[in-house]
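S.K.: Starting from the known structure of chain A, arrange chain B on it as the hints suggest.
If you read the sequences in order, they're chains A and B.
Okay, so the first sequence: first residue is 1 according to the numbering used here, each after it adds one.
Okay, so the second sequence: first residue is 309 according to the numbering used here, each after it adds one.
Errors might be hidden in some of the hints.
Stated by the list, open to error - Taking CB as the label site, the calculated pair distances span:
no., chain 1, residue 1, chain 2, residue 2, range
1, A, D109, B, L484, 33 to 41 Å
2, B, E418, A, D109, 27 to 35 Å
3, A, S98, B, V412, 31 to 39 Å
4, A, G153, B, Q492, 18 to 26 Å
5, B, A379, A, E211, 41 to 49 Å
6, B, F624, A, K144, 44 to 52 Å
None of these hints come from the bench; they were simulated from the model.
Computed from a prediction, not measured in an experiment: that's the story for all the values here.
Ideal placement from N, C-alpha and C gives every residue a C-beta, glycine not left out.
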Amino acid sequence: MRTFAPAKAGQKRAPRQPRRRYSRLLTTLALLPALMLAAAVSGCSASGEAKTRLIVTGSTTILPIAEISSESFQKANPGARVLVSGVGSSAGIESVSSGSADIGTSSRDLKPEEKSLGLVDTPIAYDAIAVIVNPSNPVRALTKVQVKAIFQGRIKNWREVGGPDMPIGLVNRDEASGTREAFSKIVLDKEPFDPAAAVLPGTGQVRAVVESSPSAIGYISLGFVTPQVKALTVDGVRPSVATVVDGSYPVRRLLHFFTKGVPEPLAKRYIDYVLSADVQSTIVRDAGFIPITARTESGEQSGRKDAK
Amino acid sequence: MTACPDDERHGERGPLLAPQPGFEGAVADVPPVEVVRESVQTPEGDLRLVSPSTVVREWLLERLFLLCACAAVAGVLLIFLFVGVRGWPVFAEVGVAKFLGGRVWLPTSEAFGILPLIFGSFAVMAGALVLGTPLAVGTAVFLSEIASPRVRAWIRPAVELLAGIPSVIYGFFGLLILRPIVAQVSGGLGFGLLTGWMILAVMIVPTIATLTEDALRSLPNGIREASYAMGATPWQTIYKVLLPAAKIGIIDAIILGMGRAIGETMAVLMVVGNAPVFPSGVGRPFSTLTTQIVMDMPYATGEHRTALFGMAIILFIVSMTLVASVRIVSRLGAQR
Numbered sequence: 001m002r003t004f005a006p007a008k009a010g011q012k013r014a015p016r017q018p019r020r021r022y023s024r025l026l027t028t029l030a031l032l033p034a035l036m037l038a039a040a041v042s043g044c045s046a047s048g049e050a051k052t053r054l055i056v057t058g059s060t061t062i063l064p065i066a067e068i069s070s071e072s073f074q075k076a077n078p079g080a081r082v083l084v085s086g087v088g089s090s091a092g093i094e095s096v097s098s099g100s101a102d103i104g105t106s107s108r109d110l111k112p113e114e115k116s117l118g119l120v121d122t123p124i125a126y127d128a129i130a131v132i133v134n135p136s137n138p139v140r141a142l143t144k145v146q147v148k149a150i151f152q153g154r155i156k157n158w159r160e161v162g163g164p165d166m167p168i169g170l171v172n173r174d175e176a177s178g179t180r181e182a183f184s185k186i187v188l189d190k191e192p193f194d195p196a197a198a199v200l201p202g203t204g205q206v207r208a209v210v211e212s213s214p215s216a217i218g219y220i221s222l223g224f225v226t227p228q229v230k231a232l233t234v235d236g237v238r239p240s241v242a243t244v245v246d247g248s249y250p251v252r253r254l255l256h257f258f259t260k261g262v263p264e265p266l267a268k269r270y271i272d273y274v275l276s277a278d279v280q281s282t283i284v285r286d287a288g289f290i291p292i293t294a295r296t297e298s299g300e301q302s303g304r305k306d307a308k
Numbered sequence: 309m310t311a312c313p314d315d316e317r318h319g320e321r322g323p324l325l326a327p328q329p330g331f332e333g334a335v336a337d338v339p340p341v342e343v344v345r346e347s348v349q350t351p352e353g354d355l356r357l358v359s360p361s362t363v364v365r366e367w368l369l370e371r372l373f374l375l376c377a378c379a380a381v382a383g384v385l386l387i388f389l390f391v392g393v394r395g396w397p398v399f400a401e402v403g404v405a406k407f408l409g410g411r412v413w414l415p416t417s418e419a420f421g422i423l424p425l426i427f428g429s430f431a432v433m434a435g436a437l438v439l440g441t442p443l444a445v446g447t448a449v450f451l452s453e454i455a456s457p458r459v460r461a462w463i464r465p466a467v468e469l470l471a472g473i474p475s476v477i478y479g480f481f482g483l484l485i486l487r488p489i490v491a492q493v494s495g496g497l498g499f500g501l502l503t504g505w506m507i508l509a510v511m512i513v514p515t516i517a518t519l520t521e522d523a524l525r526s527l528p529n530g531i532r533e534a535s536y537a538m539g540a541t542p543w544q545t546i547y548k549v550l551l552p553a554a555k556i557g558i559i560d561a562i563i564l565g566m567g568r569a570i571g572e573t574m575a576v577l578m579v580v581g582n583a584p585v586f587p588s589g590v591g592r593p594f595s596t597l598t599t600q601i602v603m604d605m606p607y608a609t610g611e612h613r614t615a616l617f618g619m620a621i622i623l624f625i626v627s628m629t630l631v632a633s634v635r636i637v638s639r640l641g642a643q644r
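The shape of chain A in the complex, shown without the other chains (with noise of 0.2 Å):
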């Protein structure tokens, strides 16, 4: 709107400033390439449609991982289209089963009654949430019974469970992250965190809060622990990835790949890039969860260090 007034008096002003020419020459020249991209775009995805697609959806926890290695993997296979969308994990398997998608992702097992539609499971990655508090806080380990007590607000203070007389600093995450749901899956058995604690959205601010609170404890995905909080073990096993992937970590889930029956090729091409040694290491380990090819790497310590 603020344009048009000046390109009207530039009308009838014209031949006195030359300059108002210019601009609207610019602007033209300016617009050309855009036109050509845009017509470049549509031809693109219009020869795109023709080729395979792969409609990958589910869980919310695995976006991060099917949607970053989506772009590569479509980088690398000019042709292939890779739809990734979030839905949640029963979404994503309902999908997958009933034919409307290629991929379900979920971040947790079958239950009873989906073990018979014929699904394959692929795991991709480990996700393991650490309990963490301040490094000066002596306590070091706790009970998943006592993790939950005190999430639930029923352990108030640290003397409780053999710490100093000091109350516990809740702090929770919000309800939209993928890491308060498999925590409250996996330690409260989905009863209800303390209304009270804090709540803080994102994992950063979960870790800068319990650095700096000597009273605090929260929990974050094992890769974005570094050397400023403290891990506590849980029932008496130290997270770490080896804990993790021996199956001794309590706080643990497996992140799956459902197709049903055999993938198709394109979909076993995407699994396989998604399982590669490549994709692992990067992205899997950004997202902040332990690659599956862990399982072979013996010796190695926990995730990465220098989380972002």
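M.R.: Here is chain B on its own, set in the frame of chain A:
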């Protein structure tokens, strides 16, 4: 504005000077454009004084500015309609009493009581005003009555800069620096009213200080001189003469500060802890209407989403009440 050259031309020729004294005497809110149009419409001969292109340009510019004004009004109306339509059902589905009076906000269990959030919004605003108003009015008095021009030239931009700092920066400062200090005083993690008050108090200073300074400066110099002539000291002049005289303007400033405080979201979100409960102390997490909307929007569906729009309606009503009271207060002031 673009009509300036033509205005000068009118000035050179005698006859068209006629409307101008009238303009000078008229109230200030008659726009200068009016004068030009009058000269265009005066009988015959005068028409030659403005070229056709000027007439067209004037006409277009007037329409353009009208359009701008309409766009602003349409924006408010559209947002209000959108929020209203999306949020209205919550009053029917959940019920006014259960929605506004409910003490439990647990949307995943179908509990949509926003009383703790309303409490949080007003509690954090009230404390911020108590802390921020003296700070802001003091700043304004200093700038308008005490500071030398050189000092003022440094302090005024600094105060205005406060208004330009993005609120997420305030929030970050509050989260990482203020909160741990508060935690040592209040116990707990330092999330809560105390931290919220301090951050918001600083954030509303520019709003209140700038408007209060305007109010003080608009006072005629005569009353200062009269006060000094009666033998009053500067301090007596300030608090017995100037502040009472600028009272209406200061009240306006405080009400607008309230609006800023109740609408602030990002900075508050980072320091209040976002627990949708009545806090058990000033150092315990709580939540406000605005922060809860931000926290819940990413995953809310169905009735939960409707409830969030319902909260937006409440916020709308609060801010409209504030704007209306500014107008009423100003009118009362004008009547005196």
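S.K.: Each hint needs a verdict: does it hold in this structure or not?
M.R.: We went through each hint and held it up to the structure:
1. A:D109 <-> B:L484: 33 to 41 Å: The hint (33 to 41 Å, Cβ to Cβ) holds, given that D109 of chain A and L484 of chain B are roughly 40 Å apart.
2. B:E418 <-> A:D109: 27 to 35 Å: 28 Å, holds
3. A:S98 <-> B:V412: 31 to 39 Å: 37 Å, holds
4. A:G153 <-> B:Q492: 18 to 26 Å: The hint (18 to 26 Å, Cβ to Cβ) holds, given that G153 of chain A and Q492 of chain B are roughly 23 Å apart.
5. B:A379 <-> A:E211: 41 to 49 Å: Cβ of A379 of chain B to Cβ of E211 of chain A: about 47 Å, so the range 41 to 49 Å holds.
6. B:F624 <-> A:K144: 44 to 52 Å: Holds: the Cβ-Cβ distance is about 46 Å, inside 44 to 52 Å.
Consistency with the previously given hints is maintained throughout, with no hint failing.
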